[in-house]
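Residue numbers (our numbering), protein chains in the order written: chain C, 1 to 65; chain H, 1 to 241.
Note that these hints are calculated values from the structure, not bench results.
Fair warning: this is a prediction, and the values are worked out from it, not measured in the lab.
Among the hints, erroneous ones may be present.
Said to hold, decoys possible - To give a feel for the contact side, a few chain H residues facing chain C, derived at Cβ under 7 Å: (1) 54; (2) 56; (3) 57; (4) 58; (5) 59; (6) 113; (7) 114.
For every residue, glycine included, the Cβ atom is placed at its ideal position computed from N, Cα and C.
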Amino acid sequence: MPAITLVFGTMFGSLIDLNRPGHYVHWGFIQMSYANLLVIVLMLLVFVAAILIPFKTHRDKRADR
Amino acid sequence: MTVLDPKVERPDQADLDKAADRPEDADQWTARIRHTAVEALPPQRLLPDRQPAYVASWIYVFGVATVAALLVVIATGLVLAVMGPNWWHVSSTGLFVNSLHLWSVEVFFFAMVVHLWGKFFMAAWRGKRRATWITGVVSFLVSVGAAFTGYLSQQNFDSQWISTQAKDGINSTGAGAIFNVTNFGQMLMWHIVLLPLCVIALVGVHVLMVRLRGVVPPFAADDETPDGSQGSVDGPAEVSA
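Hey, can you work out the whole structure from these sequences and the hints?
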């Protein structure tokens, strides 16, 4: 196995192991897999980042030069 | 109808251009459609070089990211259709393209949901943009159906499980009489013909509506007309696309 696969697999695979029968969160009548919950959390993070991170325009890039 | 010079066996484009837009042809349906289309969407509006300054934000990127992911979905789907299930289930290249198809769908929905949130909080239906919003919502719903029938077309235990779980829900609505989730042939046809055509058409109309009405302006700090109709998309402050 390539070293990079081994390193990333060990680092992230143990943190978020999605390669096994699904585990579920239960909130009352809501039932959701950890995998789906993870995707929703990622979407929220990307949404917040898209609002907060400045966007470089061509004008900004020209001003930097 | 305008008759071209019969001596010219094959008129070149210049002759056709000269023949077009003659006053006596103005009532022809071809001329009427052409004039309406060019008036609504002139080339510079259809593919603009500049955008309003407020578009310079990452939140405006997710619409085009969704379209880019859709192009990958369609391209990989075409390859899968050409090569067939034996190829995508067994060969390593087939498995790779199958995975590309799945993961581009994941990116498609991911980007579409972030785009949806962004547009919802901008109230992007302001300023006569209701049709843009509605075509986006319907595209989302039809895409869910396209993805669902895709999961049913995998030909594995996963698709068996999903179809047998879904049938009771679908049957309880009465739709099971014409939409049978355990009928593989029907689900495959919906997945590779009907729903992709609907998604492509809806996304096409949605993008044309965006070009027609422009990108919705943000709420101004001292906005006194909250319908957003005062927002100009052709204001002086612009950035290169």
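Provide an ascending list of the numbers of those earlier hints which the structure does not satisfy. The structure conflicts with hint 1 only, although it agrees with all the remaining ones.
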